[in-house]
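**Student:** Top line first, the protein sequences correspond to chains A and B. Quick note on numbering that gives the first Met the number 0: the first sequence kicks off at 0 and runs consecutively. Quick note on numbering that gives the first Met the number 0: the second sequence kicks off at 0 and runs consecutively.
Derived by calculation from the structure, the hints in this document are not laboratory data. All residues carry an ideal CB built from backbone N, CA and C; glycine is no exception. Among the hints, a few may not be true.
[Claimed, not checked] Chain B stretches covered by chain A per the calculated footprint, using a threshold of three residues with CB under 8 Å from any CB of chain A:
1) 52-66
2) 209-216
3) 245-256
4) 259-269
5) 287-295
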Amino acid sequence: MTAEQATKRAARPALVRVKGLHKRYVQRRAFSRSRFVVDALRNVDLELQPECLTALVGASGSGKSTLASCLAMLEKPDGGEIWFEGREISRCDARELIWLRPRIQMVFQDSAGALNPFFSAAQIVAEPLEVQRRESGRTLHQRACELMEEVGLSADWADRSPLEFSGGQRQRLAIARALALQPTLLILDESLSGLDLVTQAQILNLLADIRVTHSLTYLLITHDLSLVGQMADYIAVMHQGSIVEHGTRQRVFGSPQQAHTRKLLAATQDLESAFRAAQAEART
Amino acid sequence: MKSIPFGASSFDGVPGLLRVCQLSVSYASRGHSPVRALRQLDLEMAKGEVVGILGESGCGKSTLARSIIGLLPADARVDGSILFRNEELMGLPEKQLRRIRGAKISLVHQEPGLALSPVMRVGDQIAEVIRAHRSLARKTRKLEVESILREVRLADSGRIYAAYPHQLSGGELHRVAIAQALACRPDLIIADEPTRSLDVTVQAEILGVLRNLNQAFGTAILFITHNPALLAGFADRIAVMYAGRVVENGGGSKVFGRPLHPYTKGLLDLVPRSTRTEYSAAGSHLPAIPGGPPDLKSLNHGCAFEPRCAPKTEICRIENPEELTPEAGHRVSCFNHDR
Chain A
0 MTAEQATKRA ARPALVRVKG LHKRYVQRRA FSRSRFVVDA LRNVDLELQP
50 ECLTALVGAS GSGKSTLASC LAMLEKPDGG EIWFEGREIS RCDARELIWL
100 RPRIQMVFQD SAGALNPFFS AAQIVAEPLE VQRRESGRTL HQRACELMEE
150 VGLSADWADR SPLEFSGGQR QRLAIARALA LQPTLLILDE SLSGLDLVTQ
200 AQILNLLADI RVTHSLTYLL ITHDLSLVGQ MADYIAVMHQ GSIVEHGTRQ
250 RVFGSPQQAH TRKLLAATQD LESAFRAAQA EART
Chain B
0 MKSIPFGASS FDGVPGLLRV CQLSVSYASR GHSPVRALRQ LDLEMAKGEV
50 VGILGESGCG KSTLARSIIG LLPADARVDG SILFRNEELM GLPEKQLRRI
100 RGAKISLVHQ EPGLALSPVM RVGDQIAEVI RAHRSLARKT RKLEVESILR
150 EVRLADSGRI YAAYPHQLSG GELHRVAIAQ ALACRPDLII ADEPTRSLDV
200 TVQAEILGVL RNLNQAFGTA ILFITHNPAL LAGFADRIAV MYAGRVVENG
250 GGSKVFGRPL HPYTKGLLDL VPRSTRTEYS AAGSHLPAIP GGPPDLKSLN
300 HGCAFEPRCA PKTEICRIEN PEELTPEAGH RVSCFNHDR
């Protein structure tokens, strides 16, 4: 991003603004009546800039997925506000959600579990269009094929079952389905975990391409900053239900403020510098 | 089956431990030609050596792991030879394989959470391995398990012993799986992407545990991964796999410092540079190798990497490259390795 573009973007209001978000789960222990509470989100504040990629990192159990579910309105927060395109959405009723749901789409980690194995690839992509009554009949199938080609899948594969696709291809299919309703916010919940490095890089490149064509804003949840860190505009670090650090990539990488962020970065960077050292040593 | 004289031919003159020779594995697929997961693969390992297998998903890494330990599905067609400590493992009766599996060669799975029984205490599951191979009194067995748990840096061995898998964290489960693999002091541990889906911090800890085992007991490790950064400073030798073959094989520093195969170069280019102070402009692209792994049902005569290769020439489409040795201890299968 050039400096000019950066200032232009910064001048626009944030697409999503989360203020003091709380979410508590009450769970019961197995075979016992005792209950215990988990404060999954504690006073979370977060802003997502339009047409930017924000990476949300943190160890497992830090509340990343809960935050994503609240943003995608799959969970109702217990307190706080979520503002999306200038509207408070955390307490919307079902009717308002019909308008809202297409605007915010989510791609999950395990796409094999998220895609119906009894559907063909084209049916999977077409389903949201059908549900929202955007397309029907022949144009529906045609639109599904267009979307598949947009994410780098051949339209010849429209009739295949998702089980015949590789992990990376299934993730592309899930992205095509999410794109069908022309959302503004795409939440990718650990969508790259479990894919090999080459596939991760290909998917990140795809995200960079469709960001331009569809003016998309991304929230990408990950526990591994290595590749994502290179593509992200903003990085938010989550720890025990709170956002402990949030800033541009340059700022977070360059001068991490929190001990937790430093620990997280060190683990990634140790591996990389060991690799660079091995390379340098071999070349001399 | 061919028999190959063993020992002197292994790398660097170190006595050999494992020699996989011309190994081919194919899986039947209904209505299609068979999937050729491994195609005449060669690999050797010396005693106490750490060998890293590097490759994308779908290149046959896991099939290689499973054929060495003799756990291929029943419908797999296997050909070739696997010599382990001068003993031919191929065609060995199941009874004798069981004597080796777990005791001499053991496997750490990708998802230890799925490999462990959910209804049995993890300590008992480790003890089970010992019981299968060594005759020890119950009490000494328990003491042995607790000392193994401490070796994999699970200090609170009493609690871990009595825990069920669901009560442990991901990192603890991985260490239990390593403890289980270690229980009988095997000569070879095969670690099949043992750090996949783990936090980076936990990943580093698991690598540390494996490195310690190698140094303390001289256990040879076959470490399977798709991330070159994990092998740095850890693997003595690196074998790069593509479409069921080893396409480059050499000492860790040689492969990292002077990669010869275009596929290896592509993989190494992807190791992130988040430590750099000057950052690539956002919106630019990562240097990803284009395309995906080839369809193993329909491979033609040429080099399997040809469709994705940048420096390819006319011959790559027609002929499959033979293995060359451009420098001592560094082999590559590519016509254009010197470009």
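**Student:** Take the hints in turn and mark each one as holding or not.
**Tutor:** Against the structure, the hints:
With 3 residues having a Cβ less than 8 Å from any Cβ of chain A, the segment 52-66 of chain B passes the three-residue criterion, so the hint holds. Remark: the segment 209-216 of chain B is not confirmed as covered by chain A, as 0 of its residues place a Cβ nearer than 8 Å to a Cβ of that chain, below the required three. Interface restraint, the segment 245-256 of chain B with chain A: holds (5 residues with C-beta to C-beta distance below 8 Å; minimum three). Only residues whose C-beta sits within less than 8 Å of a C-beta in chain A count toward coverage, and the segment 259-269 of chain B has 4 of them, enough to reach three; the restraint holds.
Proximity of the segment 287-295 of chain B to chain A, defined as three or more residues with a beta carbon under 8 Å from a beta carbon of that chain, is established by the 5 residues found.
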